[in-house]
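From just these sequences and the hints, can you work out the full model?
Chain by chain, the residues:
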Amino acid sequence: GEDVEQSLFLSVREGDSSVINCTYTDSSSTYLYWYKQEPGAGLQLLTYIFSNMDMKQDQRLTVLLNKKDKHLSLRIADTQTGDSAIYFCAESSFNDMRFGAGTRLTVKP
Amino acid sequence: ETGVTQTPRHLVMGMTNKKSLKCEQHLGHNAMYWYKQSAKKPLELMFVYNFKEQTENNSVPSRFSPECPNSSHLFLHLHTLQPEDSALYLCASSQDLGGPNNEQFFGPGTRLTVL
Numbered sequence: 003g004e005d006v007e008q009s010l011f012l013s014v015r016e017g018d019s020s021v022i023n024c025t026y027t028d029s030s031s032t033y034l035y036w037y038k039q040e041p042g043a044g045l046q047l048l049t050y051i052f053s054n055m056d057m058k059q060d061q062r063l064t065v066l067l068n069k070k071d072k073h074l075s076l077r078i079a080d081t082q083t084g085d086s087a088i089y090f091c092a093e094s095s096f097n098d099m100r101f102g103a104g105t106r107l108t109v110k111p
Numbered sequence: 003e004t005g006v007t008q009t010p011r012h013l014v015m016g017m018t019n020k021k022s023l024k025c026e027q028h029l030g031h032n033a034m035y036w037y038k039q040s041a042k043k044p045l046e047l048m049f050v051y052n053f054k055e056q057t058e059n060n061s062v063p064s065r066f067s068p069e070c071p072n073s074s075h076l077f078l079h080l081h082t083l084q085p086e087d088s089a090l091y092l093c094a095s096s097q098d099l100g101g102p103n104n105e106q107f108f109g110p111g112t113r114l115t116v117l
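For the protein sequence lines, the chains are A and B, in the order given. Numbers 3 to 111, taken from our numbering, label the letters of the first sequence in order. Numbers 3 to 117, taken from our numbering, label the letters of the second sequence in order.
What the hints contain is simulated information worked out from the structure, not anything from laboratory work. Heads up, the beta-carbon is just placed ideally off N, CA and C, and yes, glycines get one too. Treat the hints loosely; a few may be bogus.
[Unchecked claim] Straight line, CA to CA, 25 Å or less: simulated BS3-like cross-link-like pairs of lysine-lysine: (1) B/Lys43 - B/Lys21; (2) A/Lys38 - A/Lys72; (3) B/Lys20 - B/Lys38; (4) B/Lys54 - B/Lys24; (5) B/Lys24 - A/Lys38; (6) A/Lys38 - B/Lys42; (7) A/Lys58 - A/Lys38; (8) A/Lys72 - B/Lys24; (9) A/Lys38 - B/Lys43; (10) B/Lys38 - B/Lys21; (11) B/Lys20 - B/Lys54; (12) A/Lys38 - B/Lys38; (13) A/Lys58 - A/Lys69; (14) A/Lys38 - A/Lys110; (15) B/Lys21 - B/Lys54.
[Stated by the list, open to error] Distance ranges between label pairs, derived from CB positions: (16) A/Asp5 - B/Pro71: 15 to 25 Å; (17) A/Ala79 - B/Pro71: 39 to 49 Å; (18) B/Asn19 - A/Lys58: 38 to 48 Å; (19) B/Ser40 - A/Gly84: 17 to 27 Å; (20) B/Ser61 - A/Leu10: 18 to 28 Å; (21) B/Ser61 - A/Ser29: 20 to 30 Å; (22) A/Glu40 - B/Met17: 23 to 33 Å; (23) B/Glu58 - A/Arg15: 34 to 44 Å; (24) A/Lys110 - B/Thr18: 25 to 35 Å.
[Stated by the list, open to error] Computed far set for chain A versus chain B, every beta-carbon distance over 12 Å: (25) Gln8; (26) Ser19; (27) Thr25; (28) Gln61; (29) Thr64.
Here is the structure:
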């Protein structure tokens, strides 16, 4: 079946940039998403990118998409302790949506 | 209320109990989903409903029984659960099942503990 893969853990220092990477296998993906999950909460949509785009920027967040390599990344500039959470990559095609296992981002003061 | 709400937020039940989880969305969406999130596995899709009709049952045991009386409400009825069913159960909704409006909005989840 189609897969979405992410590394499970990332640790950065406060003020540094964080880069969370994701790879997917479905070549028919139309949208790719990043969700954030804080402790005890559901998933919150952070941002998404259409598959014919290669970059999207929203304040401290930058999404890069390499469609040829099926690689998606989320860069968080000036990472803060409040950014500590689990970040899920997801992709959707017409009838389906698949999530990665999530990357736990830990921000150290 | 706005968005996707779930009740209860926490539930502890014995293996012989019968309980129900409730999800409600106030977004006018047509599709609703149940997911299971446990410590040992990635997010698992359980059920999908589109316009109140079930379109996907992802090989979920029959001790989990979904019900979708209308496009705004989704229930998950639980009976004779096992301790390994303890997890966070997330509800989500999207405007449509596929296409450009597939973006899903999640509720806060119900933390279920089966004793």
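The hints, checked one at a time:
no., hint, in the structure
1, B/Lys43 - B/Lys21, "holds (24 Å)"
2, A/Lys38 - A/Lys72, "holds (21 Å)"
3, B/Lys20 - B/Lys38, "holds (18 Å)"
4, B/Lys54 - B/Lys24, "holds (15 Å)"
5, B/Lys24 - A/Lys38, "holds (23 Å)"
6, A/Lys38 - B/Lys42, "holds (19 Å)"
7, A/Lys58 - A/Lys38, "holds (17 Å)"
8, A/Lys72 - B/Lys24, "violated (37 Å)"
9, A/Lys38 - B/Lys43, "holds (17 Å)"
10, B/Lys38 - B/Lys21, "holds (16 Å)"
11, B/Lys20 - B/Lys54, "holds (23 Å)"
12, A/Lys38 - B/Lys38, "holds (16 Å)"
13, A/Lys58 - A/Lys69, "holds (14 Å)"
14, A/Lys38 - A/Lys110, "holds (18 Å)"
15, B/Lys21 - B/Lys54, "holds (21 Å)"
16, A/Asp5 - B/Pro71: 15 to 25 Å, "violated (35 Å)"
17, A/Ala79 - B/Pro71: 39 to 49 Å, "holds (45 Å)"
18, B/Asn19 - A/Lys58: 38 to 48 Å, "holds (46 Å)"
19, B/Ser40 - A/Gly84: 17 to 27 Å, "holds (26 Å)"
20, B/Ser61 - A/Leu10: 18 to 28 Å, "holds (25 Å)"
21, B/Ser61 - A/Ser29: 20 to 30 Å, "holds (25 Å)"
22, A/Glu40 - B/Met17: 23 to 33 Å, "holds (31 Å)"
23, B/Glu58 - A/Arg15: 34 to 44 Å, "holds (42 Å)"
24, A/Lys110 - B/Thr18: 25 to 35 Å, "violated (46 Å)"
25, Gln8, "violated (9 Å)"
26, Ser19, "holds (26 Å)"
27, Thr25, "holds (14 Å)"
28, Gln61, "holds (19 Å)"
29, Thr64, "holds (19 Å)"
Of the numbered hints listed earlier, those contradicted by the structure are 8, 16, 24 and 25.
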